[in-house]
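**Q** Below are the chains, spelled out letter by letter.
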Amino acid sequence: MNLAAENISFGYGAGTVLDSVSFELAPGGLTFLLGANGAGKSTLLKLLCGLLAPRSGEVLLDGRGIGGFSANARARRIGVMLQQSPPGLDFTVEEFVLFGRTAKLPRLAPPGAGDRLAVEKALSAAGMTSFAGRAVTRLSGGEFQRAVLASVLALESGILLLDEPVSAQDPAQAAFIFEMLSSLAAERNVLVISHDIDLALHYASRILLLAGGKIFADGSPDRVMTPENLARLYPLSGFTVSPARTFRFEKI
Amino acid sequence: MKCDRARLLTAAALAAAVLLLLLSARGGIRQPGAEVLFRFRLFRSLLGFLVGGSLALSGALFQAVFRNPLADPYILGISSGAAVGAAAAFVFVPAGLLFLCVPAGAFAGALATLGAVLVISGNARSADRLLLSGVVTGIVVSSLLIYLVSISDSAQLAGVTWWILGDLQGASPVLLGALGGLAVCALVSSRFFANELNALAVGDEEAALRGVPVKKMRLFFVISASLLASSCVAAAGVIGFAGLVMPHIVRLLAGSDHRRILLPAFLAGGCFLQLCDLLSVLFSGAKEMPVGVVSSCAGGMLFLFLLSRRRCS
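Each protein sequence line maps, in turn, to chains Z and V. Be aware that the first sequence starts at 1, since it is given in this note's numbering, and climbs by one per residue. Be aware that the second sequence starts at 1001, since it is given in this note's numbering, and climbs by one per residue.
Watch out, some of these pointers could steer you wrong.
Pair ranges (Cβ atoms, derived) [to be verified]:
(1) V/PHE1192 with Z/SER85: 27 to 37 Å
(2) Z/SER70 with V/PHE1192: 13 to 23 Å
(3) Z/GLY112 with V/TRP1162: 50 to 60 Å
(4) Z/GLN84 with V/VAL1188: 24 to 34 Å
(5) Z/GLY141 with V/SER1154: 53 to 63 Å
(6) Z/GLN84 with V/VAL1136: 40 to 50 Å
(7) Z/ARG134 with V/VAL1293: 51 to 61 Å
(8) V/SER1308 with Z/SER85: 48 to 58 Å
(9) Z/PRO110 with V/GLY1177: 46 to 56 Å
(10) Z/ASN2 with V/LEU1008: 47 to 57 Å
(11) Z/GLY141 with V/THR1161: 44 to 54 Å
(12) Z/LEU108 with V/PRO1173: 24 to 34 Å
Since the hints were made in silico from the structure, they are not lab data. Because the structure is a prediction, the values reported are computed rather than measured. Here a beta-carbon is modelled for each residue, glycine too, at the ideal position from N, C-alpha and C.
Between the sequences and the hints, there should be enough to build the whole structure, so can you do that?
**A** This is the structure we're talking about:
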C-alpha cells in the first residue's frame, strides 16, 4: 500500500502552512517527521489521511487521488493517531480499542472472531492487555495514550500515521512502543511525528525535516541530523545545538 | 460478559414492564365501571412505558452525541419550546379544543425550537456549537413562557402548571400507536447506526478518521432524539430525570457500547416511568399526584446514589 504527497499546499485563511510538499512513504522502516511547534506537521498528517483537502497538489493512495476513495475505504486503509482526550462516557479499554475497527465492523452482527483477535493483538502490542476491562476515563494520561495507539493498531491497516505516539510515555514505555512499531514498519508504511530527537536518531530509517512550509531535508538519520539542519529546524536566537550524552532503554 | 449482562438486563426489564403493566391495570380501581377503568389504566401504563422508554433512548443518544453523561432529552431547549406551545394553547384556544391543541401546540413548539437551534448552530456544525445554541435558545424561549404565564388567568395557569408537571391521563389508542411507531423506528435506526454512534461518542475527528460522515450522522441522531423527546412532551408533559438517569444505570450494568445498550435503556426507561406512575396512583390522596413529581423525586435520588457510588469507587 502506497501513500504519497505530490506538491501539496495548504493554509488556514490567507496564510500558508505547507508549500509544495512532496514525498512518498515506503515500508521497510520507520519514517519520522520532525518540525518545530506550528510548523505544519499535524496539518500534513491530516492532509495525508484525507481529513483536510489540499489547496493545490494531490495526495495519492495506491496511485489514485485520495479524494476518489469513499470515507470508509480511506478509513479501512489508513490508521491515524491524533492527540486525543478521553471521551466523556465510561467505555472500557476493550470497547474503545474495538471502535478503532469501526470501518471494518459488521453493522448488525456482533464483532467476529477476526475482530476479537485484532483487538487482543493490539492490546498486547500496546502493553494494555491488563487494562482491557478498565474504563478509559480512569486511565492515566500515558495509559490512555497507549489505548489510543491500540485502537489504531486494531484496524490492521497497511498505513499508520502517528502524531506523537509516546509524548506521554516514560522512557521505558517509549522504547517498548518503538520496538513494536519498528517491527511493524518492516511490512507497513509508518509515519511518526515526534519532537524527540533521540528517538528519531535511534529508531528512524528515514527522517523528514519540515520548516517554513517545506520539507528541506529527507534521508537517513546520519545524513539529515546535522547541527546545521537542527538549528534551521528549531530556530531559537541565543541557543545553539550540541551533541549530548543520553540514556536509552534497549530491548535485551 | 457485558454482552450477557445486556441480554439479561433486556429480559429482566421486559418482564418487569409486563408485570408493571398488569399491576397498573388491576390496581387503582376505586370507581364503578371496572372494565372501562381497566382499559384506562392499561393505556395509561402503556403510555408511561413508551414515554419513559423514548425519553431514556433520547437521553442515551444525546449523551453519546455530546459526549456528555449529563446531557438529557431536553438539552436543546425542547421542553421550553414545548411548554410555550402548550401554554399558548391554554391561553388562546377555547377549552373544548384543548385536548387536541395542547399536545399539538407542544409538539409544534418543540419542533420550532429544534429548527431554530439547528439554524443557529449551522446545522449542527459542531457538538459544542449545537449545545450552546440549545442552551441559549432554551433561555430565550423560557422568557416567552413567562410572558404567557403573566397574561393567563387562574384556570389557564392551573392547566399550564399541571401540564408542565407531567401527566399520563391523555392516553388513547391513537396516541399509543403514534408514539409506539416512532419509538420502534428510532430504536431500529439507532441500532443500525450504533457503530457510528460509538465513533461519535469517542470524538468528531476520530469518527471522521473511522469513515463516519460526522455531520450527517450527528444531525440524524440529534433529530431522532429530539423527535422522540418532542413527542413525549406533547403526549405527557415535561417528565424529568427518566432520560438522564436510566441510560446511566444501564451503562453501569451493561457497559457503554451502544450496540448493546439502546434496547435495555429503552426498556428500563419504560419500566421506570411505569413504576413512577403506579406510585403516583398508590400514594395519591383525593387529588392525584402528577407522575412528573414522582419521576423527578425518584430519578433525582437515583442520580445522587449513582454520584455517591462513583465518588466512593
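**Q** Against this structure, judge whether each hint is valid.
**A** Status of the hints after comparison with the structure:
1. V/PHE1192 with Z/SER85: 27 to 37 Å: holds, 29 Å
2. Z/SER70 with V/PHE1192: 13 to 23 Å: With a Cβ separation near 18 Å, Z/SER70 and V/PHE1192 satisfy 13 to 23 Å, so the hint holds.
3. Z/GLY112 with V/TRP1162: 50 to 60 Å: holds, 53 Å
4. Z/GLN84 with V/VAL1188: 24 to 34 Å: holds, 31 Å
5. Z/GLY141 with V/SER1154: 53 to 63 Å: holds, 59 Å
6. Z/GLN84 with V/VAL1136: 40 to 50 Å: violated, 29 Å
7. Z/ARG134 with V/VAL1293: 51 to 61 Å: violated, 39 Å
8. V/SER1308 with Z/SER85: 48 to 58 Å: Roughly 26 Å apart at Cβ, these two residues miss the hinted range, so it is violated.
9. Z/PRO110 with V/GLY1177: 46 to 56 Å: violated, 32 Å
10. Z/ASN2 with V/LEU1008: 47 to 57 Å: Taking Cβ atoms as reference, Z/ASN2 and V/LEU1008 lie about 49 Å apart, which means the hint holds.
11. Z/GLY141 with V/THR1161: 44 to 54 Å: Check passed, 50 Å falls within 44 to 54 Å.
12. Z/LEU108 with V/PRO1173: 24 to 34 Å: holds, 32 Å
Consistency note: the structure conflicts with the earlier hints numbered 6, 7, 8, 9.
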